[in-house]
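Asks: Residue numbers (the working numbering), protein chains in the order written: chain A, 1 to 643; chain B, 1 to 346.
To be clear, the hints were calculated from the coordinates, so they are not data collected in a lab.
Ideal placement from N, C-alpha and C gives every residue a C-beta, glycine not left out.
Any given hint could turn out to be false.
[To be verified] Interface residues of chain A toward chain B, partial, derived using beta-carbon atoms under 10 Å: (1) Ala125; (2) Gly158; (3) Pro162; (4) Leu538.
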Amino acid sequence: MSERAHDVEALALAMFAAVPLYLTQTISYVPLAAFHLFLLAVTLRVAAGKSAEVLPAKLMRVVGIAYIPFYAVDALLLSRSAIAASTHLVLFIAAYQPIEAVRRRIDGQRLLITGLIFTAAIASATHVTIVPFVVVFAFFFFRQLMHVAHRDSTAAAGVSTPEIPSSRAAAFYLGATSAAGLLLFPLLPRVGTPIIPGFTGSLTNAATGLSDTINLNNQRTISADTTVVTRVWMGPDAIPFFTPLRLRGAVYDRFRNNEWLQGRREFTPLPMSPNGSVRIARDSGFTRRAYAQQRFVTGTRLFLPAGTYQIDGVPQVYEGPTRDVYMVWQPRGDMIAYDLRMARDVSPLEVRHVPVTNYPVTAPIAAMARRIVGPHTDPLQQSADIERYLSTTFTYIPDPSQIGRRMTVDDFLLRERRGHCEYFAAGMVALLSALGTPARIVGGFYGGKLNPLTGYFVVRREDAHAWVEVYDGASWRTFDPTPPSLRPGNAKGGLIAVYASALSDSLNYFWDRHILTFGLADQLRLFVDTLERARDALGALQRSVRRALTPRAAEVAGVILAIAALLLLMARQRRPPFELLRRYLASLGIEVGPATTMEEALSRLPAADAAALAPLIELYERERFSARPPRGVRATIRRSVRR
Amino acid sequence: MSSVVAPANSVLSPQSSVLPWQFTGVVRLTRIGTSFVLFTIFVGFAAINTGNNALYIGLSFMLGALILSGVASKGGLKHLRVELDRVDDAWAGREARGRLRVVNRSRIWNVRDLILVSEELAGPVYVGIVERRGEIGVDADFLFHRRGLVQLKSIDLYTRYPFGFFLKKRRVRYSGDVVVYPRLLDADETRERFRAVEGELHPSSRPGPGSDVHGFREYARGDSLRHVAWKKSASLGRWIIKQTELEAGRAVHVVVDPYKPRGASEDEFERMVSEAATFIDDALRRELEVVVSMPRVELRARGGEAARAIFRALALLEPVYEPFVPTLDRGSVVFAVRRSDERKSA
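Next up, chain A with everything else stripped away, as it sits in the complex (with noise of 0.2 Å):
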């Protein structure tokens, strides 16, 4: 490889370092892409084979002096962060790299700034897709590193020898120093890692599924946002009972111009049991246990599958801002995992009046709500009956901004009939709110998709949903009018796609779980089950030894241990006369290293010792050195030094 094309892969490697840099945006895009650009210049010239000066070097090196008191300027008011600053100082050090470079050689100092960018890219980001970035970065960054060595060796010998092709060494040395990195990551000590493992990353510019009012005045949007939300394993025998999933997340329960709210209230803080359990429903019906993984999305909302009626190994949990809504109290992170009891029916832990909204119903509504209901009082049986007729005979429109026009609920249900699901909840709570039933809109993930290869079900924010519960005098009872085909999480996908998708998870799972959320509670039980299962091998080895203990058995040990001593007896018997002085040369004091020669050791040792030893060490010398070497030379020295 030319040492052209060395440089332009230095280049090119810097410019490959600041990629991510555009998805984590830790800096605008204004300063990356002009870095680029810059580099792209000079890229493109070097590989002509022209100088590196895209600007002349006594421009640049007037820029490099103005940049010192910028950088303060830009911490201060332009960007407000030393961070950023610092990595747009890194930038243009390692676009003013190259120009300098032309003067004199300074390929160390560069890799050094490529690796602080490299440094910059990946401490803000997430993904999992980090991973090949880091490979393949450090593939090429071995490259370099080669490149410098064999240059640096090259030059110190006074030769000029071209360089043997690196690529077979650096995936070598790539494959040898990831295991190593595995090895030593879980190892290196943790101090500010989050406690709790969950899921991580920045969330702040991510559109989230769930909103704090349903405001109709406005378009929606849905966006095929596929972040995870939650992942909630539960038993085989729990699946059928308790799917498709619907994890609550805010009750929309009061009305104000064209508008659904959250009744506001207190945060209530819950008891916690002695056991750290928090009981929020009285259970009835058979129950199962399921663990959750949760990203907080809306503060530190709680999405709770429905069903749930105890939330175990929680901080302290919050019932708020609005009735059956809960949240904790959590100042770092933005994740949790916890443990959580369901069951068939739950009812709240008090009984309550719970009134009806204050939807103001219209004679055509109130009108087209009896006529749906017909006869029935029973209001879960009219609450059936709407959930029948709205999600048969309207239509249910995936994309909010297909229609085009703002629109109320009394157009949905009279006029239009087809909207999303929001539409869709809101349109029978109005229905049941002109018969005078106590309903709300639930907000919420839906469905999810079970993880075929991990046996866990993954929520996403695509999953956002809403729906009805409607309260029968004791309990909240679910109603969904959205028709249920047209409900997100159903959409298939054939089986590659699906286990496609499952790989992907369990991939990310993984990567949030293992890597990204790893911390020194991981650590810990990282040794405490180390030391159990050394605990445990070496009961069983005990146990074993135990039955395997008989007198035959003691003595076919006693004549392997015998025949060991033989061995080892014989091994150091036939130690080299090398290693025979040696070892008595540490007797007196001496070290001798592998770059030590004996004449060496002997220049240290006093005059005495010294003339009783040379003789040794010229037999030693003969015996190794000599053509045809004396023999006895080992028993010599070996009875010598043992006197």
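Following the hints, put chain B in place on chain A, whose structure we already have.
Replies: For chain B alone, coordinates are given in the frame of chain A:
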């Protein structure tokens, strides 16, 4: 004719110089290695401070690279063996071409960018790669600073491979004996003397290999029994050696007297040997036959192996402390060290 040996510049002192990157010990951090270590410390601090596992991934990689760099270079050097294949005619003070064989017995590690340094090597020898379980022959220039039998004992191996973070060194033993011929002086110094004998290159009564009897002398230890004059010995009752007449038409008789008087320095003795060697070399280059007389040995050569034998004898010539009484002819060229009070032209 005998020589006048004046005090001269030392022919003993080695001019070996240590290269700036050479060091004692076994490992040294390079500049890029220092930067990398500092960078690793920086990332480690950032990782621990923030608990950011992405930084921990980077830190793990960097520490892995550092550890691997150390293990690879040590593991590679540890299994290297250096053997001396050959050294061509080695003259003190002149580079001699030779060949080394580097064997890598490691099952895992290739070794690249290997530099061999030794006192006996004229300069660092660069080896591009020694593959695992492989060997490579490499040409090397040797430079010996004095004549004699040189035992090659150790050679230093340096490598920056794989990442250039460390300059690793390992001293390995290798064996080999090299006979280093005397240092050849500037030919001008001996040309004057050569001119003096040039006119007498035609046959002259001079002892040497031949068929005609030149004379008889007392037996000296080391003389071949083939030259004993048995009848004369029997009649005289002691061993007499028969000397034959030198047959060569164009021949030079050189006598090297290894007597080293008290007070003469070793440098003076070495210079005398160098002058003799230079003279003989010059004569051989002129395609003359050279007969060299030294105590107990008389060698004759016109070139080739026989010439090597002469230089080998000069290489191994040790000073004696009793005067040597050679048989001199009129045209003999004598090289000897004389006490300062008896230095004079012979």
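Asks: What are the numbers of the hints the structure violates, in ascending order?
Replies: Violated hint (a single one): 4; every other hint is consistent with the structure.
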